[in-house]
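Engineer: Given next are the chains, with one letter for each unit.
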Amino acid sequence: MPGSCSDAFPGKQLVCSGASRKVTGNSSWYLGLVGVPPPLQQQQVEPSSGSGSNSSSSINEEDPLVARANVVCSALTSLSPEQVEVCMKHPNIIYSVANGAYKGIQECQYQFRNERWNCTTNEEDENVFGYILKTGSKETAFIYAVTSAGVVHAVTQGCSAGDLAECSCDAANHGKSTPEGWKWGGCSDNIDYGLEFARKFVDAPEQLKPYDKNEKFKNRVVMNLHNNEAGRQIVQSLMKMHCRCHGVSGSCELKTCWKTIPPFSEIGDTLKKKYNEAVLLRTPRNSAKHRSKRNRARARKSIPADELIHVSKSPNFCKHNQKKGILGTKGRECSKSSTGNDSCSTLCCGRGYNTQELIRQMPRNPVSTYNQPF
Amino acid sequence: MPGVILENLSGRKLFVLVSVLMVLLTACFLIGGIVAPAPTYAFPFVATKCIDDGQHRWYYSRGAGKCNSTDHHTNVERLQEISEKVVFSFQIPFPRDGQILDFSRWQQNLIGILVFEIIYDKIVEMPPNVLLFMDVRLGYRNDGDADDDWKPYAEGIIERNLDCEPDPHHSAYSCSMVPLFELGSLHHDFYLLNIRFQMNTNLGHLKDLTLVGIHQNGGFTRVWWTMKTAFFPLILMTMSWFWNRVHQLNRQPVLLEYMLLSVGAALTILNVPIELLTLYLDLPFMPLLQDIRQGFFYAVLLSFWLVFAGEHLMVNDPQPRHLRLYWKHLSAVVIGCVSLLVFDLFEKGSQATDPFYSVWVTPLGTNVALTFIICAGISAGVYFVFLCWMIWKVFRNISVKRSLLPSMSSVRRLHYEGIIYRFKFLMLATLTCAAMTVIGFILDQVSEGRWKWDEHIRIEYTSAFLTGTYGVWNIYILALLILYSPSHKQWPSDVDVNSPVADGIELSHISVNEPNEASLLTSFVKKVAHE
Chain A
1376 MPGSCSDAFP GKQLVCSGAS RKVTGNSSWY LGLVGVPPPL QQQQVEPSSG
1426 SGSNSSSSIN EEDPLVARAN VVCSALTSLS PEQVEVCMKH PNIIYSVANG
1476 AYKGIQECQY QFRNERWNCT TNEEDENVFG YILKTGSKET AFIYAVTSAG
1526 VVHAVTQGCS AGDLAECSCD AANHGKSTPE GWKWGGCSDN IDYGLEFARK
1576 FVDAPEQLKP YDKNEKFKNR VVMNLHNNEA GRQIVQSLMK MHCRCHGVSG
1626 SCELKTCWKT IPPFSEIGDT LKKKYNEAVL LRTPRNSAKH RSKRNRARAR
1676 KSIPADELIH VSKSPNFCKH NQKKGILGTK GRECSKSSTG NDSCSTLCCG
1726 RGYNTQELIR QMPRNPVSTY NQPF
Chain B
2 MPGVILENLS GRKLFVLVSV LMVLLTACFL IGGIVAPAPT YAFPFVATKC
52 IDDGQHRWYY SRGAGKCNST DHHTNVERLQ EISEKVVFSF QIPFPRDGQI
102 LDFSRWQQNL IGILVFEIIY DKIVEMPPNV LLFMDVRLGY RNDGDADDDW
152 KPYAEGIIER NLDCEPDPHH SAYSCSMVPL FELGSLHHDF YLLNIRFQMN
202 TNLGHLKDLT LVGIHQNGGF TRVWWTMKTA FFPLILMTMS WFWNRVHQLN
252 RQPVLLEYML LSVGAALTIL NVPIELLTLY LDLPFMPLLQ DIRQGFFYAV
302 LLSFWLVFAG EHLMVNDPQP RHLRLYWKHL SAVVIGCVSL LVFDLFEKGS
352 QATDPFYSVW VTPLGTNVAL TFIICAGISA GVYFVFLCWM IWKVFRNISV
402 KRSLLPSMSS VRRLHYEGII YRFKFLMLAT LTCAAMTVIG FILDQVSEGR
452 WKWDEHIRIE YTSAFLTGTY GVWNIYILAL LILYSPSHKQ WPSDVDVNSP
502 VADGIELSHI SVNEPNEASL LTSFVKKVAH E
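Protein chains in written order, with the numbering used here: chain A, 1376 to 1749; chain B, 2 to 532.
Bear in mind the hints are in silico, worked out from the structure with no lab data behind them.
A virtual CB, placed ideally from N, CA and C, is assigned to each residue, including glycine.
A few of these clues could be false.
What the hints assert, rightly or not - Subject to a maximum C-alpha distance of 25 Å in a straight line, what follows is the list of computed SDA-like cross-link-like pairs (lysine to any residue): (1) A/1648 / B/121; (2) A/1634 / B/164; (3) A/1630 / B/361; (4) A/1615 / B/166; (5) B/229 / B/161; (6) A/1615 / B/121; (7) A/1630 / B/188; (8) A/1630 / B/44; (9) A/1630 / B/276; (10) A/1551 / B/100; (11) A/1698 / A/1721; (12) A/1630 / B/110; (13) B/394 / B/361; (14) A/1688 / A/1490; (15) B/14 / B/428; (16) A/1615 / B/445; (17) A/1593 / A/1688; (18) A/1634 / B/161; (19) A/1688 / A/1652; (20) A/1634 / B/14; (21) A/1634 / B/43; (22) A/1615 / B/462; (23) A/1630 / B/27; (24) A/1551 / B/28; (25) A/1509 / A/1694; (26) A/1634 / B/394; (27) B/67 / A/1543.
What the hints assert, rightly or not - Residues from chain A that keep clear of chain B, each with C-beta distances beyond 10 Å, as calculated: (28) 1506; (29) 1574; (30) 1597; (31) 1687; (32) 1718.
Isolated chain A, as found in the complex:
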């Protein structure tokens, strides 16, 4: 019988309206994660129904969508002028970026649905995740990696869908510019552009942060950049190869292969595994043994690019902490029979749980017992 967690401190009881808040359809909120400052997010940057089809070569025509995107790009203060220019040139891409970040958060909430921290988002906060993003914990690492992967995924898909006319062809291998290069030897895979763009765009805010002043800060920048890259590497490594034979009489004398991007859920699964194995980066604060700079550099170097790293331990997600924006696990659904993270003893942090029996009308199972927070 399922149950729900109780609060061990009755005196401090606060009413939590919903611990697992669902992400709403407006993806503008998630731009904060990838360097778009909050004031901008209020300007209703959302992919509207026309953006999919009007991305033809003529970006010059006076399109209200394009005009709005231009407003977005010029206000991206956290980006370097060069990157603002890229954005101005290809305004459609900003929708893909927002969509990618949104995808990342959706996947995060799915992956962590049974954990003490369930990827809570708070839309009032400037960067959706609030405190968690500042801790430098495993959770921070996951958020950075999953949103970075989301941007790669969305931009790559945008290229395949023809939404983004600016997707490069990269005919550099043939030494020819786009139309000639394409006619000579085709274009590079869309993923190449997705990775290249994400590297420029998503990493930009980190690279602009004052780097040398503070050792702690420096570690955070290293950590964020590493996790961004890890997210991208995982997308790349999960690309699937498909082939088709079309030689004489359908023989495999001639075989053509192409890569397709995996469903985002697959990327989420892999990232979750990486989260479980995340490496704690040794800093002067958390390690007295590895004090020398050389050792630290070596330790950093030996971490493979597709592993997640973090600099501090996770905060306590059991108790509610309004200041830090941690909701606590009170009121969360738990499973009595489970032995995993969603088991009642783990999820309720040993505080016990309440059992509720509810009769609810379901589409397929007319009567079922269901558990609810009290």
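Chain A is already provided as a structure; the job is to place chain B on it using the hints.
Structural biologist: Leaving out everything else, chain B in the frame of chain A:
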């Protein structure tokens, strides 16, 4: 008696010739590996979902008059509601780098494959096998035409099978690819494909439809045609030189010479760069013609090997040898090739008129096609057994009779040993060519088509394999034509060599009696057989 050049060529000259041919062969591999891009190129195009406004018109996603489309991010529930009113539209190629791309005639052909992305839903579960009924229209437009000036190319209601298996963990289905069309000629600049699913098609939650377009690369076409154009006059000239030498002899050409000429002719037909016409004309039957030319060359080459082995068997038959003698052996080649030809005529021949046609979609077509392919496979097996058996017989005879060599005079022994060596050398060359093709093919299958040696040199392996193999067989035929053309150089006459010794008497006798024999080896072997 005139022998062939191979027998009379000095070791040094043979070495020089082989070296030159090897350099030529290496050049063929390198031109494919370094100059040419990959032979073909595949690219995914995700469909634009246009809202069907009930009009019978073209639905396209870019340019004036574009359709009203649903967003790619439209949620699945909404898509399900409108799925019956959606036209899946592919306006290809897509723009890149902000520039409009158009197909080039150098890209030769286009194969279209559909990839279905279906979301798993416990409530709307899909059967494992779905029969798709699609209303397809393919149109084209050229540079300079108005945006809405799409002209019909092919259309119809087609049937395809889709096999999907659920992947509940990832909440999606993994579905088989669906071959949609094959355009034998890529004559126009832009193509537009409109697909409507018929009402009775149960597709569950179809999220996206992707068209994978595969076409030849323009750069590869250029390299390929350059090779053909270079080999065409080379083989043609060697052939006429060969035939000229045969005619200078005061005898009728023998079977082996006829066969060599046929192989040369078949290769020349294959080499004629008639594909150049596709740059000016819309020739959808070109792939079929290409297959037929290639098949014809292989058929003649396979027959040549059989006859070559057969002609070196010791058969005491004074009659002039004729191709009729080999009808049993050659029937395997003929049956195999005719089977493949019939299959190809069905598949590619029909596609020349209807690009959406495929023999594989109906069970009857699949069975018929499989019958022909299995038939060809059995013929290939029978042929291979025949050939191995004949070669084994030749080698057995040579080695058995070779034991008689020590009883011969030293001059003649050396001479015959040389002949046997060179005969074996040519057998080795054939095996090497075959092995290179097979190994290259296997490597091609296992490699991902691109090899990196260092940062700067990238080898397109598949292109290297294709140009290399093409070069191998051209050079092989070239070598055969040169080495097996009749030599005009008189050997120290057999009588001079043999008369002082007792065991040579019969040789001169046989040589006089059978002036038609081209190869000294054959005469040697026959002589020994007489003993």
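Engineer: Take the hints in turn and mark each one as holding or not.
Structural biologist: Hint check:
A threshold of 25 Å between alpha carbons decides the hint, and for residue 1648 of chain A with residue 121 of chain B the separation of about 23 Å falls inside it, so the pair holds. A threshold of 25 Å between alpha carbons decides the hint, and for residue 1634 of chain A with residue 164 of chain B the separation of about 21 Å falls inside it, so the pair holds. A C-alpha spacing of about 19 Å is found between residue 1630 of chain A and residue 361 of chain B, which places the hinted pair at or below 25 Å, so the restraint holds. Between the alpha carbons of residue 1615 of chain A and residue 166 of chain B the distance comes to roughly 17 Å, so the proposed pair stays at or under 25 Å and holds.
At most 25 Å may separate the alpha-carbon atoms for a hinted pair to count; residue 229 of chain B and residue 161 of chain B exceed this at roughly 38 Å. Taking the CA atoms of residue 1615 of chain A and residue 121 of chain B, the gap is near 20 Å; set against the 25 Å cutoff, the hint holds. With a CA separation close to 23 Å, the supplied pair residue 1630 of chain A and residue 188 of chain B stays within the 25 Å bound. Restraint check for residue 1630 of chain A and residue 44 of chain B: the C-alpha separation of about 14 Å stays at or below 25 Å, so the hint holds.
About 21 Å separates the Cα atoms of residue 1630 of chain A and residue 276 of chain B, which keeps this hinted pair within 25 Å; it holds. Annotation: proposed proximity of residue 1551 of chain A to residue 100 of chain B holds, straight-line Cα distance about 14 Å (limit 25 Å). The straight-line distance between the Cα atoms of residue 1698 of chain A and residue 1721 of chain A is roughly 24 Å, inside the 25 Å bound, and the hint therefore holds. For the hint pairing residue 1630 of chain A with residue 110 of chain B, the CA-to-CA distance comes to about 14 Å; that is within 25 Å, so the pair holds.
With a CA separation close to 43 Å, the supplied pair residue 394 of chain B and residue 361 of chain B exceeds the 25 Å bound. Distance restraint check for residue 1688 of chain A and residue 1490 of chain A: the Cα-Cα separation of roughly 16 Å lies within the 25 Å cut-off, and the hinted pair is therefore satisfied. Proposed proximity of residue 14 of chain B and residue 428 of chain B is supported: the alpha carbons are some 19 Å apart, at most 25 Å. The straight-line distance between the Cα atoms of residue 1615 of chain A and residue 445 of chain B is roughly 19 Å, inside the 25 Å bound, and the hint therefore holds.
Proximity of residue 1593 of chain A to residue 1688 of chain A is assessed by CA-CA distance (about 17 Å); at most 25 Å being required, the pair is judged to hold. Distance restraint check for residue 1634 of chain A and residue 161 of chain B: the Cα-Cα separation of roughly 24 Å lies within the 25 Å cut-off, and the hinted pair is therefore satisfied. For the hint linking residue 1688 of chain A to residue 1652 of chain A, the alpha-carbon distance of about 13 Å falls within 25 Å, and the restraint holds. Straight-line distance between C-alpha atoms of residue 1634 of chain A and residue 14 of chain B comes to about 51 Å, which puts the hinted pair past the 25 Å bound.
In summary, the hint linking residue 1634 of chain A to residue 43 of chain B is supported, as the alpha carbons are separated by about 9 Å, within the 25 Å threshold. Between residue 1615 of chain A and residue 462 of chain B the alpha-carbon distance is near 20 Å, which keeps this suggested pair within the 25 Å criterion. Straight-line distance between C-alpha atoms of residue 1630 of chain A and residue 27 of chain B comes to about 23 Å, which keeps the hinted pair within the 25 Å bound. Between residue 1551 of chain A and residue 28 of chain B, the direct Cα distance comes to roughly 24 Å. Compliance with the 25 Å bound is thereby established for this hinted pair.
Only pairs whose Cα atoms come within 25 Å are accepted, and residue 1509 of chain A paired with residue 1694 of chain A is accepted, the gap being roughly 18 Å. As the CA atoms of residue 1634 of chain A and residue 394 of chain B are separated by approximately 51 Å, the hinted pair breaks the 25 Å bound. For the given pair, residue 67 of chain B sits about 24 Å from residue 1543 of chain A by alpha-carbon distance, which is consistent with the 25 Å threshold. Every C-beta of chain B lies more than 10 Å from that of residue 1506 of chain A, the closest at about 30 Å, which supports listing it as non-interface.
Every C-beta of chain B lies more than 10 Å from that of residue 1574 of chain A, the closest at about 18 Å, which supports listing it as non-interface. Residue 1597 of chain A, annotated as away from the interface, keeps every beta carbon of chain B farther than 10 Å; the closest lies near 27 Å. Every CB of chain B lies more than 10 Å from the CB of residue 1687 of chain A, the least distance being 33 Å, so the non-interface label holds. Residue 1718 of chain A, annotated as away from the interface, keeps every beta carbon of chain B farther than 10 Å; the closest lies near 21 Å.
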